[in-house]
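Chains as they are written, first to last, in this note's numbering: chain L, 355 to 606; chain F, 5 to 659.
Derived from the structure by calculation, the hints contain no laboratory data.
One or more of the hints may lead you astray.
Distance condition first, Cα-Cα at most 20 Å in a straight line; then the derived SDA-like pairs of lysine to any residue [unchecked claim]:
#1 L:LYS553 - F:ALA202
#2 F:LYS510 - L:MET400
#3 L:LYS504 - F:LYS546
Note that this is a predicted model, so its numbers are computed, not measured.
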Amino acid sequence: MNITVRVWRQAGPKDAGKMVSYDVPDVSEHMSFLEMLDVLNERLTMEGDDPIAFDSDCREGICGMCGVVINGVPHGRGDSPVQTTTCQLHMRSFSDGDVIDIEPWRADPFPVVKDLVVDRSAFDRIIQSGGFISAPTGTAPDAHAAPVPKAAADHAFDAATCIGCGACVAACPNGSAMLFTAAKVTHLGLLPQGQPERKSRVVGMVHQHDEEGFGGCTNIGECTAVCPKGIPLETISRLNRDLLGALLNPQT
Amino acid sequence: MSDVINSVDADSVYLEGEDIADTKAPAGPIEKRWDERRFNAKLVNPANRRKLSVIIIGTGLAGASAAATLGEAGYQVTSFCYQDSPRRAHSIAAQGGINAAKNYRNDGDSIYRLFYDTVKGGDFRARESNVYRLAQASVEIIDQCVAQGVPFAREYGGLLDNRSFGGVQVSRTFYARGQTGQQLLIGAYQALERQIAAGTVKMHTRHEMLELIVADGKARGVVIRDMVSGEIETHYADAVVLASGGYGNVFFLSTNAMGCNVTATWRAHRKGAYFANPCYTQIHPTCIPVSGEYQSKLTLMSESLRNDGRIWVPKSGEDKRPAPDIPEADRDYYLERIYPAFGNLVPRDIASRAAKNVCDEGRGVGPGGLGVYLDFADAIARLGRKAVEAKYGNLFDMYAQITGENPYETPMRIYPAVHYTMGGLWVDYDLQSSIPGLYVTGEANFSDHGANRLGASALMQGLADGYFVLPNTINDYLSAGPFEKIDDSHPAAAEAVASVKGRIEKFLSINGSRTVDSFHKELGHIMWDYCGMERTEEGLRKAITRIRELKQEFWSDVRVLGTNEELNQALERAGRVADFIELGELMCIDALVRRESCGGHFRAESQTEDGEALRHDDEYAHVSAWEFGGEGGKPILHKEPLVYEYVEMKQRSYK
Chain L
355 MNITVRVWRQ AGPKDAGKMV SYDVPDVSEH MSFLEMLDVL NERLTMEGDD PIAFDSDCRE
415 GICGMCGVVI NGVPHGRGDS PVQTTTCQLH MRSFSDGDVI DIEPWRADPF PVVKDLVVDR
475 SAFDRIIQSG GFISAPTGTA PDAHAAPVPK AAADHAFDAA TCIGCGACVA ACPNGSAMLF
535 TAAKVTHLGL LPQGQPERKS RVVGMVHQHD EEGFGGCTNI GECTAVCPKG IPLETISRLN
595 RDLLGALLNP QT
Chain F
5 MSDVINSVDA DSVYLEGEDI ADTKAPAGPI EKRWDERRFN AKLVNPANRR KLSVIIIGTG
65 LAGASAAATL GEAGYQVTSF CYQDSPRRAH SIAAQGGINA AKNYRNDGDS IYRLFYDTVK
125 GGDFRARESN VYRLAQASVE IIDQCVAQGV PFAREYGGLL DNRSFGGVQV SRTFYARGQT
185 GQQLLIGAYQ ALERQIAAGT VKMHTRHEML ELIVADGKAR GVVIRDMVSG EIETHYADAV
245 VLASGGYGNV FFLSTNAMGC NVTATWRAHR KGAYFANPCY TQIHPTCIPV SGEYQSKLTL
305 MSESLRNDGR IWVPKSGEDK RPAPDIPEAD RDYYLERIYP AFGNLVPRDI ASRAAKNVCD
365 EGRGVGPGGL GVYLDFADAI ARLGRKAVEA KYGNLFDMYA QITGENPYET PMRIYPAVHY
425 TMGGLWVDYD LQSSIPGLYV TGEANFSDHG ANRLGASALM QGLADGYFVL PNTINDYLSA
485 GPFEKIDDSH PAAAEAVASV KGRIEKFLSI NGSRTVDSFH KELGHIMWDY CGMERTEEGL
545 RKAITRIREL KQEFWSDVRV LGTNEELNQA LERAGRVADF IELGELMCID ALVRRESCGG
605 HFRAESQTED GEALRHDDEY AHVSAWEFGG EGGKPILHKE PLVYEYVEMK QRSYK
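Excised from the complex, chain F in its bound form (with noise of 0.2 Å):
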């Protein structure tokens, strides 16, 4: 390990470890490699499956899904959530739909195009062994959730429908209306609740993890607060795996749930767990603008919205017409102008970054010029307003509801919001984390997406973990158990429990001079203005300051009102907030070390003669993966190199 400076990096930030040499991922034909892979991971006869048991954290379609195969293969899983019902989990809000290479539309699709796509939509910042086996999965899972019930469109012969969605140039995108993810998930919850009812889940819910517990080297349990009565309670387990979702909520407004946060990956990479790639977050190009400080989330509209609404601005900044009063020959239909081929499709990433341009330009609309019109005037005039409202009824509802305008007469008006983080925990091709015994699935983990996740890709993500990939990996860890029983006299829980009830008694004894939440939008105001759509040497240094300084400020300056022992939301706000303070550090340090553009990363330093993300393979075609450093001490970067067999590493294009 070296300190590193030198000339760029005068004040250094972090240490370097060493390479991770290996991701368990078999070699060979990549066609090959996920059967070779279930072929020698040892498998668990039924009937041992029963002395073995897992603990799941989080019931999104990642870990409701693995919940539910893990309770149907016969082990005993404990499952957590925080929400008052499994099915409320953030999985619920994905609009758009989930895509899967199953060709039905004859337009040349196949498992090798949709990894392919992935793997160049993520510009060339994922594994190529786990996109192809998430193109393989794909398939399984419209199977598995048609049998479960869930209702995707379909045609008048009754067969399923398919879109389009950014990025790509077929129509692989199944979808249930806007509500893909809401059917999606209650499929997974209605199996999951199955198993609950045949006693091989038992479900906890109003219960949030706040410390894991490894010991002896593994993962073995967690500490859980019930949140009704406060009680800090222990639980334990052969293997622990975290389905916790992304950390998008770093930014305080974002498309997330109020409640997603980051607090069981942040503890467990504070175990030991490495975090990889936390600067690559996702900014979605079509979300409803911010409209005052008391602001509590962003809506998404979904980017299925972008196959048949046309984005513009007016050409000039000094056009104050409304909308529909500028003529054609005054606007700016961007996209289109400048990536002819996908126009209006283009990937989020760049998407939306072009609105921010043109907003830059001073030629955003609405309040504040941050906005960008999608138009679908040309649509309706094209397919009748009754097919507009077939395909996109509950969305512009939506949009009517929030901001009292009518989406049909007036284009809407959209900005870029945060939506997803590709980054997560660190994993190997089973979904183990540095920690044996800890897996992490769906957005907890840094997964398959690299720098820019595609649209539709979450929900193939989160449903093929756990699904698919996880009951066929796990297995070969908990071949080798049951392992030896712990309780709460180990030093390692007993450790655990008291760092959770120091933390807890130290929010509640500040009684400072601020709410939670003043600190959680400081902390958001930050990451958006130097960890956001565009990232600066500069900005992330002054960044990386001033979170150093908003970290003591709450620590000594928080008001945390009542008690532990009742349903205290400040309390648990406060414990969330602390732990994306720390977070947000860590994505500034790695955004500031990883001096390339790519994908949703985007260094001002590094960009083509057109204003577009430039890649600098030779020096980082790598996972970042940080090693927690110690309370005050550096993070330590371990680099995983990528290495491309398949998809030729080239600058991506669009136009």
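For reference, chain L alone in the conformation it holds in the complex (with noise of 0.2 Å):
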């Protein structure tokens, strides 16, 4: 098929970016988006053109590292049924002719370092603010001295395959990260490991995503609709649960 892509293109943090269009044919439906663009980087470069910078790592959407907004839609998962990271959406989810927008994830906090790449370290932030248990190596005691009911064990589960990618952020209207901060809160609150941290854990994790700038949740859903793993909207009761005990009952 052939195709044509609507790219954003900026060449570093302060400058001003623009949609540039690019024609691409003979796509092969088999291709991952990300390889068509590669075949595109491979031809910009022949012909003298600095090639389109963009994020990935695994190619198998676990490591979280890729991501684009692709006709409007964050990891351009359009209408599909089926969640997906970018980098395991196939052209043939396109067809001949079509014009394709690509644009990086949009949010203050996450500040365009070169044309499709942002900078998302924001979210390493909120983790060190809370998003862990503390359990220095060598201190574990048995791991059988605490059995963990399998439906808690599995709805923790649910929560920790957040892969950090942000398409939450990109996707919701108020530019919030709280899909991702909720579901650490769910993971580590789920599990009596997470017990003894557990309000200090929200309240910290909470402040530091609205230091870094990430807007409030006004329970739209659009991150839950990207979310290439499927985060659950009710991890974000959970956290606001979570965050009115500990602000009501800090001690206990």
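Reassemble the complex: the two chains are provided individually, in unrelated frames, and hints are given to aid placement.
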């Protein structure tokens, strides 16, 4: 198939950006979306044009490094029922003659580094503010010392599948990172090991979330619709319950 | 040192050096050795640790766990990763699980059995002392990870679940759906972030190590490129740890992440660190087959699928019916047929080569005949679709996403792909390389897997090294510090910085006619054809010649646009590919010199009557540790003899 892509080109954080159009002929439907960009970049290089900068690493949907907005939708799932990261999107989702818009995540706390690459270090700082269980190496009791009910373990796991890609922020009209934050609060808060720090965790993480300039959550649900791992909106309710409890009753 | 010239090796490609006599492993009963080493290692008191600094390259399981643990202990740690966050390191992609000798199944498992299985699985090319320690540490790893909140799979009673993996007959693999690596890495990452918040670890993301600084005989620092600004920085410390992963991307197509590279270890090799067993690569049997020349990477389907999936091809190469229409009588479940005891759960090297053999016979399926079926019809009939979905759902989804086929209805098509590299920088029992003060952990070292790694052992080794081994050995070295301060005025530092800048200028000035990726792909084809699943004397010689030519072509004809002072992904790749080309040559030399088959290294000239790998223990029961022979010089081989006091060396049999 032959397609046209319109790509956000921006030389650096302080430069103005613009959409630039490129024709991409002979695209195979088996290519991944990023392989289509690889092919385009090879051509640009040979033509003496700066190749398009974009992030990707594992290319199997688990590292969270990739992510661009495709036709207005983070990761480009569109109307498909299948959740996806950008790297797992394949060209069979598109048709001959399509014009595809490709943009970076857009949110103040995710400044553009170059073209489609953004700085997501705000996420690491949110984790630093409480997204862990303090268990120094060597201090652990036997793994079977604290059984975890299967349902709790499974729910914790569902939240723990977050890959920290940032699509939730890119999708949110408020630029909120609440789904990301809530996923971690839920993962650790459902496990017995996570109880001692449950209150300080939620307070610390939400505080840092706000410090970074992410917006508030108004339960719109765009985040969960584009989440490649399907983190449910109810994790945010859980975060709100934990936060309320921690603020009203900080000591217990 | 003598130039090795004999009748077989007429045009010599290497020199032979002294044997390695001492690995620092204590003698005595194997179960006491680690205790003894820990006891004899000099300690650093907590107040003095604050004065000692450690640089760690890489934030995968081996790097993040080491950084967190050394930070907790009170050392000043500086960590680097090329990704935008430490959580993205490629350990994250490990699917199947992590082994531990917990014997929670009461099925006869023990530390000794895990040790035995690993030594045997590695085809008697790993050190007994190291492997035993690994098995000992495995037990603590699970405890540690559970305490961090790693959500391992559990049973209804709330206790941890286990499953089986290739090459063993017990269930000792702990798992978190098909995302065990992700969950373990997030655990280590969170511990690391906690230390960053505490101020004991300084983290630099999007920073890539381009050179090691060896001053006055010790590893004292690194030259780093800030990948956003292009700035060339120097960082100094009392010790340097490389936890930079494996080199599978030398094949271009592999299951590694796009950015995985050999530069950190290769640069250290050029500075004097021995590179051990580079030819030991693991070709994983269950990956999604290649679909076209544009393909950028291969995707693994977890080995855990072999627990319930059955592998087959049509009995006849002429049989072109769709898989579900082929009756049982016309199918060849070849692993079950050839290896009745282990069936579909034979070790990876054996399963991969068996797939290659049936495809070479013309019985492969799918485009180009390079694929075999992995069929879940029986499992779905036996357990029900729901149960299969619960166990493997995300893997099935991933397969459907990539291929557009529904594996619940038609069997998956799989083919072997490069997955893991057992070789790496040589280290002693303390994980110290041949350069004092340079430690190497995880896949980056040549480690504990011998010539073949068993499934679910990479996560175990990465975490054992980072959480439990390194933090109990590096103190022995650091106790002599802090060492004399050095800065950019030291000749070794100035030389390292100048060489990094010179290389970058060179890449940007060639302005040739080929892209970096085109060279990388060509190197990959050479490696796959001649140094892949089956290697021959003739093929390896051809490959060495071809790689040397490719190196010339690369340095005269590569095209890298833009400048250093920006995010320049082609420039990043150019440096990595330049190092892969040099490594590729050493891999072929290592494979050429090892005229036996063992584990993942299969020399066509050395096989049993029924086509299994045939070792020659009289000549090759050693680690091949290569010393850099200088630019354009021949590499120098140092042999470390392998002695087996506990496990009897014999021909592996999984029949």
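Next on the checklist: So if I understand the rule, the pair passes when the alpha-carbon distance is 20 Å or less; does LYS504 (chain L) with LYS546 (chain F) pass?
Outcome noted: Given that 20 Å is the threshold and the Cα spacing comes to 57 Å, the pair is violated.
Next on the checklist: Hint check: LYS553 (chain L) vs ALA202 (chain F), CA-CA at most 20 Å. Holds or violated?
Outcome noted: Holds. LYS553 (chain L) to ALA202 (chain F) sits at ~19 Å (cutoff 20 Å).
Checklist entry - Taking 20 Å as the top limit, are the C-alpha atoms of LYS510 (chain F) and MET400 (chain L) close enough? => result Answer holds: LYS510 (chain F) to MET400 (chain L) is near 18 Å, not above 20 Å.
Checked against the numbered hints listed earlier, the structure breaks hint 3 alone; every other hint is satisfied.
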